[in-house]
Each structure stands twice: as C-alpha cells, then as structure tokens.
Amino acid sequence: MDANLPERLRLRLTPEAPALTVSGGMPVVMLQPAQWLDAVRTLKTEFGFDMMLDVTAVDWPGDALRFEVVLHLYSTRDLVRVRLKTRVPEAEPVIDSLVSLYGAAAFMERECHDMFGIVFRGNDDLRPILLYEGFVGHPLRKDYPKHREQPLVPYRDV
Amino acid sequence: MKIANPVRSSFEPTLVDDGRVIVNIGPSHPATHGTVQIITELDGEKVTRADVHCGYLHRGFEKECESHTWHNLMPYVDRLNYCSGLINDFAYCQAVEELLAIEITPRCRVLRTLLSEYSRIADHITCVAAGLMELGAMTAFLYLMTLRDYIYEHLADVTGARVTYSYGRIGGLARDLPEGWLKRLDEVLDEYETYIGRIHGLMDRNRIFIDRMRRVGTLTQAQAIDYGCTGPMLRSTGLARDVRKDTPYLAYADLDFEVPVGILGDNYDRYVVRMREMDESVHMIRQLVDMLQPGPINVDDPRCVLPEKQLVYSEIESLITHFKLIIDGPRVPAGDVYSSQEGANGELGFYIVSTGQGQPYRVHCRAPSFVHMGVTHLMLQGGQLADVVPTFGSINMIGGECDR
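Residue numbers (the numbering used here), protein chains in the order written: chain A, 364 to 521; chain B, 5 to 408.
The hints are simulated quantities; they were obtained by calculation from the structure and are not laboratory data.
Given the structure is predicted, the values throughout are model-derived calculations rather than measurements.
All C-beta atoms, glycine included, are put in the ideal place defined by N, C-alpha and C.
Keep in mind that the hints are not guaranteed to be accurate.
Stretch by stretch, here's where chain B covers chain A in the computed footprint (C-beta under 8 angstroms, at least three residues) [to be verified]: (1) 440 to 449; (2) 489 to 502.
List time: in silico EDC-like cross-link candidates among lysine to aspartate or glutamate, alpha-carbon distance up to 16 angstroms [said to hold, decoys possible]: (3) A:Lys-509 to B:Glu-66; (4) A:Lys-505 to B:Glu-66; (5) B:Lys-249 to A:Asp-441; (6) A:Lys-505 to B:Glu-68; (7) A:Lys-505 to B:Glu-70; (8) B:Lys-67 to A:Glu-512; (9) B:Lys-50 to B:Asp-22; (10) B:Lys-187 to B:Asp-161; (11) B:Lys-187 to B:Asp-294; (12) B:Lys-328 to B:Asp-294; (13) B:Lys-67 to A:Asp-506; (14) A:Lys-509 to B:Glu-70; (15) A:Lys-509 to B:Glu-68; (16) A:Lys-407 to B:Asp-230; (17) B:Lys-313 to B:Asp-180; (18) B:Lys-249 to B:Glu-262; (19) B:Lys-50 to B:Asp-391; (20) B:Lys-6 to A:Glu-496; (21) B:Lys-328 to B:Glu-312.
In isolation and in its complexed conformation, chain A is listed as follows (with noise of 0.2 angstroms):
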C-alpha cells in the first residue's frame, strides 16, 4: 500500500482527523451518512477503488445510530483496499445506493436489507434474496430471536 494514502484519503475525504484510522494495514474512513454516495463517487473516480468488495452491517443496540453500515472496496490497479463506515439511526435506517457506481452493490445491497433492513435509497430492487417473499423481520438484528421459525410450507401434525 501508498504510505501516503492514509493522509490523502484523509485530506480529501474526511477534514477532522480522527475520522480516519488505520487497522490491520487497511485504511478505515468514519462517514456521515450524508457523505456517503459523493465519498465513494471521489474514492472510485479519484483514487482506483474501481470494485466493490463488500457491504454489510453490524447491530449495535442502544446505540443512538444503531446500525453500523460497513463497506469494503478494493482497487485493481493499486492492490489496495479500504474500509468506509457510516452509522444510520433504527428510526430512519437509510443510506444512498451505490447502484450507480458499482453493479456489484445491487445484489449485496440486497442481501443488507434482507439481513439488517437497512433501506438503500436508489436501489429499485431490494426484493428479498436470501429470504423469501413475505418473511417478517431482519434476521442479523441482534433482537431477532435465533430460534424464531417462520416456515413457509407449514408444519403437518403427526
């Protein structure tokens, strides 16, 4: 990795400091939910990340932002990759898509919103994927129960 990519993403994208860390080599930018679109925009057309990786979520309960939308994206022509973060309150679980940067975030949004209910403003699509039509609730939300089943083809009585 750049050494001085830390202190460019920092420059461009995140003015206060203590938004940007590094872990485990990789580059971690804290984003307001606000920021998000036009940051990984700047990251994609300035700087290589010409692939997204990955996005999911974390559940951080009794958190004021509740959810913990954490995306990965790597460059291949640099061989970097980074993490961006943002946090979205229960109350209005929104985030702007990324559908129209990266083909990729459709189907992985997708799956978010299945997961989490986390709501990708712009992405037309957010049917479920690995769930099935009609499932109710968010199964990664920490105050979903494990052991709650909603089968689809009931049970029969033996």
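Assemble the complex: chain A is given as a structure, and chain B must be docked to it using the hints.
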C-alpha cells in the same frame, strides 16, 4: 393447501402476444448443480431476460456464528464452500489470528498453503467435471471424479473426513500429517498428470465442446470489475488479479507460480483458466513439499491453542486452560478485521467483529459465489436456453457459500 410463492419475479408475462414465454428453471432442476432458481423470458430458444434467485440453502450461518465460541464455528465454516472446505477453514482462522495478532508457525504456514492448493484442485475438478457432464461428456466426468476421489480419500487420511474437515484451528491445525502422506501425495500428483492429460486430449480441441463453450456466457472485463467478480470469473476476462499474488498471505510470497488468464471471458476461457490453475497448484504443491520443515504446527499461545491432551489429564493448569477454552472460548481482543484469501471461486473474505468475548459479535462472509450470482443474468441474457446450464455451471456457484 395453497403455499405462497417464495420468490417474486422481476418481470411479469406480457398481456400482448409477442411470442415470448416465461419459463421457470429450478430451484431443484436436475441439470443445475446447486439449488437455484432462474426465471427466464424466452423468445423462441433465446433468453431475453433472466432473473436469478438464490437463498434456497440459506441456513442462518452468520446468525448461528454469534452464539458459538470462536472455535466451535469451524464445522459451520467448513460447510460454506463444501468443495474446498479447507480454504474456508484457513481463511476464517487467518481472520481471527489477525485479531489475536498471532503469527502461525512456519510448518503450519506451509501446510496450510499446501492443503489450500490441494483443495483448489479438488474444487476446480468438481466444477470442470460437472460442466462437462452437463454437455454429455460422461467419460471426462468419470475420469475427473476418479481423480477427485483420490484427493478426497487422501485428504481424509490427514483430516479424518472426505468433505467436511473441521481441520483448521485458530493458531494452527488439528493434527500433523500422518506417516507416508507425502509419498501418497506424489502418487496422486502423478495420477493427476495422467487423468488431466486425458481430459485435455478429450476436450481442448473437441469441436462439439468448443461450439458449445466458445463465445457463450461472455462477460467483458469492465462488467466483471463492475460486478465485483473475482477468481476464475475475473481472470477469464484477461485481468490477472489473484489475492495470492496481489496481497500474498501464507507462503505464497515464496512460491513461483503464474496467474493464468483468458481472453474473451466466455465459458471456454473459464474452463481453460481452471485447468491451467490446477497445473499451477500442482507446481506449487511440489515446491511446498520441498519447503516443508519439521517443527510444531500450533503456536504456543494459551489464549487460543488447547494444551496437550496428556497434560490436561495430569496438570491442573492445563485442565483449567482446556476447560476455559472449551466453555468460555478464546478471548479475542475487541476490534474488527477484514481478511481474505483466494478461494477456489474468488476472493473469500471474512469480516469479523469482536467485542472481546469468547464468541464473535458478528461474522460476515464475503462469498464469491453470491457476488457472481449478481452478474449471472448478464451472462445468460442473449444466449440460448440450452446454454443456461453450461454457463451456470462454469460460474461454479456453490450453494453453501452463496446462501450461507
């Protein structure tokens, strides 16, 4: 009894009669290996639109991970990509070891690399064999399955199981190689040359095979990058990106190997890339056997490695350590990490969050198969109905890791 449809198609039949019909393929179609549903809109034999639905094998892997100790996840991790379970094991262990800041022993590093490459061969064999069988090449399929079985039986000698190994351990491996394992390895690699030579002879210049595979299921390099493709999918389009080469882990930095690429990004290129990658894996395994030095396979770190069984029976400290590791789980320092390895299908990443407890707070698996399902519709649209199955086969979607 009416049962609700588990999926909703992204397109509906048109009311005007324009000659198009909607045909549903799967989820349990005999010709798709992997439980997946593809809803297609056909104009004659041509696929005009396709809508891919996965999730039929979803079993709550990530949810389940949150209520088990770091070690107890190993059997679940195994079952992600069940064609090359060892790579999953090692990728997961690597992620946890990064959080623990553990450096594995030199012997363990070489062994993990060797077994990863061995698994990669088994995985590619499965993909190529199934793909060929779908085109009617039963002989090629049986040759490859014979070879794969040699590898599975051989892996069972070291891990104790043919497919679901549970062999990785945080900080090391479950056990060392048994007596005579490397001698048999040499024999299997010789068998590999024989059998793969036959496949090359049967398929490479086979007119029927080329007609079915060339310029079918094509993906451009730009599309592959845009849709996050990695592994043979990306390399078949001509871009030599490989985690083993680009950000070397384990012993890959010390190995001499090439990253084969395709030209057109079609089914034939994916076949060639996989065949060439297997050759490279064999080349790597031969180097790794020479690099293998005697020594411990587990790090000496009581935070995560179980003490010797004999000591557990005879010494109170070891008994306590064993008890605490089993009941409470290893204490992994709080933090998060994304760690990836080159799985057989592409970049296999684990994003792990720890709060310092004996169980993970969150485990997320970046599964290449799932990402590749997001681009499958582009590869199917414009092709023939009969090409759906070979194209789908060449992606090598593994339900276990795709649906998690």
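We went through each hint and held it up to the structure:
Counting residues of the stretch 440 to 449 of chain A whose CB lies closer than 8 angstroms to any CB of chain B gives 3, which reaches the minimum of 3, so the coverage claim holds. Under a criterion of three residues with beta carbons nearer than 8 angstroms to beta carbons of chain B, the stated coverage of the stretch 489 to 502 of chain A is upheld, 9 such residues being counted. About 11 angstroms separates the Cα atoms of A:Lys-509 and B:Glu-66, which keeps this hinted pair within 16 angstroms; it holds. Distance restraint check for A:Lys-505 and B:Glu-66: the Cα-Cα separation of roughly 12 angstroms lies within the 16 angstroms cut-off, and the hinted pair is therefore satisfied.
Between B:Lys-249 and A:Asp-441 the alpha-carbon distance is near 13 angstroms, which keeps this suggested pair within the 16 angstroms criterion. Our distance criterion of 16 angstroms between C-alpha atoms is met by A:Lys-505 and B:Glu-68, whose separation comes to about 12 angstroms. Between the alpha carbons of A:Lys-505 and B:Glu-70 the distance comes to roughly 9 angstroms, so the proposed pair stays at or under 16 angstroms and holds. Distance check on the hinted pair: B:Lys-67 and A:Glu-512 sit about 13 angstroms apart at the alpha-carbon level, within 16 angstroms; holds.
Only pairs whose Cα atoms come within 16 angstroms are accepted, and B:Lys-50 paired with B:Asp-22 is accepted, the gap being roughly 14 angstroms. With a CA separation close to 12 angstroms, the supplied pair B:Lys-187 and B:Asp-161 stays within the 16 angstroms bound. Using a Cα cut-off of 16 angstroms, the hinted pair B:Lys-187 and B:Asp-294 holds, with the two alpha carbons roughly 13 angstroms apart. With a C-alpha separation of about 38 angstroms, the suggested pairing of B:Lys-328 with B:Asp-294 is violated against the 16 angstroms cut-off.
With a C-alpha separation of about 11 angstroms, the suggested pairing of B:Lys-67 with A:Asp-506 holds against the 16 angstroms cut-off. The suggested pairing of A:Lys-509 with B:Glu-70 holds, with an alpha-carbon distance near 10 angstroms, which does not exceed 16 angstroms. Annotation: proposed proximity of A:Lys-509 to B:Glu-68 holds, straight-line Cα distance about 7 angstroms (limit 16 angstroms). Of the supplied pair hints, the one linking A:Lys-407 and B:Asp-230 holds, its CA atoms being roughly 11 angstroms apart against a limit of 16 angstroms.
Of the supplied pair hints, the one linking B:Lys-313 and B:Asp-180 holds, its CA atoms being roughly 15 angstroms apart against a limit of 16 angstroms. Taking the CA atoms of B:Lys-249 and B:Glu-262, the gap is about 9 angstroms. The hint holds against a cut of 16 angstroms. Taken as a hint, the B:Lys-50 and B:Asp-391 pair is honoured in the structure, with Cα atoms around 10 angstroms apart against an allowance of 16 angstroms. Between B:Lys-6 and A:Glu-496 the alpha-carbon distance is near 15 angstroms, which keeps this suggested pair within the 16 angstroms criterion.
Among the hinted pairs, B:Lys-328 with B:Glu-312 is consistent with the structure: their alpha-carbon atoms are about 14 angstroms apart, no more than 16 angstroms.
This entry does not satisfy hint 12, going by the numbered hints stated previously; all others are met.
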